[in-house]
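Q: One line per chain: the protein sequences are A and B, in this order.
In this text, residue positions in the first sequence follow the numbering used here: the first is 1, and each later residue adds one.
In this text, residue positions in the second sequence follow the numbering used here: the first is 284, and each later residue adds one.
What the hints contain is simulated information worked out from the structure, not anything from laboratory work.
Treat the hints with care, since some could be wrong.
[To be verified] Rough simulated footprint, nothing fancy, chain B against chain A, three-plus residues with beta-carbon under 8 Å:
| id | segment |
| --- | --- |
| 1 | 72-82 |
| 2 | 96-109 |
[Stated by the list, open to error] Far from chain B, some chain A residues (derived; all Cβ distances over 10 Å):
| id | residue |
| --- | --- |
| 3 | Glu26 |
| 4 | Asn85 |
| 5 | Met132 |
| 6 | Gly142 |
Since the model is a prediction, treat every value here as computed from it, not as a measurement.
Just so it is clear, CB atoms sit at the ideal spot from N, CA and C, and this is done for glycine as well.
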Amino acid sequence: MSVLLDISKIDMVFPTPKGDFTALKEVDLKINKGEFISLIGHSGCGKSTVLNVVAGLYQASKGGVILNGKHVTEPGPERAVVFQNHSLLPWLTAYQNVELAVDQVFAKTKSAAEKKEWIEHNLKLVHMDHAMHKRPDEISGGMKQRVGIARALAMQPEILLMDEPFGALDALTRAHMQDSLMEIQEELNNTVIMITHDVDEAVLLSDRIVMMTNGPAATIGEILDVELERPRDRLALAQDTRYNHYRSEVLTFLYEKQRKVESIEVKDKSKKAEKQDKTSDVA
Amino acid sequence: MTSLIAQLITKKNETVINANLPPFLVNFLQAVTLPLVGILVFMLIWSAAANSIDTSLGKFPGPKAVSEQMVNLIQEHVESREKEQAFYERQEKRNAARIAKDPDYVPKIRAYTGKETFIDQIGTSLITVMSGFILAAVIAIPLGIAVGLSKPLNTAINPIIQVFKPVSPLAWLPLVTMVVSALYVSDDPLVAKSFLNSMITVTLCCLWPMVINTSVGVASLNYDWVNVSRVLRLPALKHVQKIVLPASIPAIFTGMRLSLGIAWMVLIAAEMLAQNPGLGKFVWDEFQNGSSQSLSRIMTAVIVIGIIGFLLDRSMLQLQKWLSWDKSSEVR
Chain A
1 MSVLLDISKI DMVFPTPKGD FTALKEVDLK INKGEFISLI GHSGCGKSTV LNVVAGLYQA
61 SKGGVILNGK HVTEPGPERA VVFQNHSLLP WLTAYQNVEL AVDQVFAKTK SAAEKKEWIE
121 HNLKLVHMDH AMHKRPDEIS GGMKQRVGIA RALAMQPEIL LMDEPFGALD ALTRAHMQDS
181 LMEIQEELNN TVIMITHDVD EAVLLSDRIV MMTNGPAATI GEILDVELER PRDRLALAQD
241 TRYNHYRSEV LTFLYEKQRK VESIEVKDKS KKAEKQDKTS DVA
Chain B
284 MTSLIAQLIT KKNETVINAN LPPFLVNFLQ AVTLPLVGIL VFMLIWSAAA NSIDTSLGKF
344 PGPKAVSEQM VNLIQEHVES REKEQAFYER QEKRNAARIA KDPDYVPKIR AYTGKETFID
404 QIGTSLITVM SGFILAAVIA IPLGIAVGLS KPLNTAINPI IQVFKPVSPL AWLPLVTMVV
464 SALYVSDDPL VAKSFLNSMI TVTLCCLWPM VINTSVGVAS LNYDWVNVSR VLRLPALKHV
524 QKIVLPASIP AIFTGMRLSL GIAWMVLIAA EMLAQNPGLG KFVWDEFQNG SSQSLSRIMT
584 AVIVIGIIGF LLDRSMLQLQ KWLSWDKSSE VR
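Assemble the whole structure, with the sequences as input and the hints as a guide.
A: Pasting the structure below:
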């Protein structure tokens, strides 16, 4: 398998009034084509920062990201992002939201009829063809996230970046969405980086689970290869010893090796760091 | 008294009419009767107060005098229209007769030059306010978007906006008058100078709330949407057209509604001073006129001004409902 994406020793330093804050330190990861990678770690450890650097929304302070031999310097549709809170444009229907992306990416390569077909195809893929012409405020949270995924898939990205895509959904909807995502993956075999908080989600969906240490100066702690054959079935896996072994590996990492020992002072600091993260988001 | 207040507070969301009627009828009755009761009480207080105020031009006009005057003003309008009609008919006949006598005669057509009626003046005022308002919108919305998008521009322009925003329109008027009479020189003017004076004054006062609201709307753009645009690599113009403009429509409309309210208030004052035919001039002329009917005519104008202002606001709201995607935004 060939390396598609090379995250090469990136550091991320945010300047703050109290001096520099190092969010990431030497994060180094190579991702093969067709791989499904999960990033897992405690909140505030810089998972989103890694994703934003890959997306090109942030620039790494040191090191860089190389996609297909090219240095990533700005955001682009070949690295489509599914945002945590769907970020659909509320004044457009589901169809129009996908259309905005398709019009931009396939402006010259597809005819009007082909574009229409492609939009409808992608909405069908996420089972949203019945509510194509509804606006985001008329559909449920799960449906919005489906449209968000359809929009990202419609860009035909080389790598799909998902920032806690199902974090805001209830457990049942989340399970349903995970099944849908596995279905889509089987068909398209995309390269995916997904951020998650959910250990089960990580084991169920990923080929590799990348576990991150706590910040500041967070980096990759361990990488776990999940060698469960696909298609995976959540019910069958619940009894599977290997599945439970992977689960306990991740849990051990999160709650023993990288247990968040938070005295009040430290908590205060990490909050500040988070705040800093957010303000730099806005800036 | 306290128990009355307590009753009013607790009954805020309950119906006052408690008869055994279907709920929709109760709601309807409530929606109609309560405002009617309010108006009735106001009328009573008004007429009682009016009766006890004596001015040098007679008693202060009560509701009765105003309603009489309202009919009067409409009648005057109808009569004036009839006169105008008759004038043109006479002119046509005269011209036809002269052409019959002398086929080479080129007929002269003269326009009717009667005094504007109250209704005409309402029309003029509406045209003036809308022209000033639209001119302001054409300048303010693009400027607001630019200021909202660019922090340096905002920092540069904000002090100017903050200084000009609280300036009364009447302070502008003399300056506008002088500038217009200096620059707008034409033998065959398209529009009257007085019209330009009041229109530009309206524009100057409308500008600031629209610029401020638009720029705040643009600056508080949801950052996720900006990221979507960045991932799609939308070109700058498309970014404004597809993301920025629709996202700030609710804020733009808030600014436009505020502005239109200000515009209508400013206009009346500007017309009074600029002598632009319109409701303001009507009020001023009646005041100078000082007949026994003047006060009731002014009072009629006051009420008409209020009603038109209310209708303008409502139509702006309706427009917002049609155009804005944000149906949840507080509509009051």
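Q: Could you tell me which of the numbered hints above are not met by this structure, giving the numbers in increasing order?
A: The structure breaks only hint 4.
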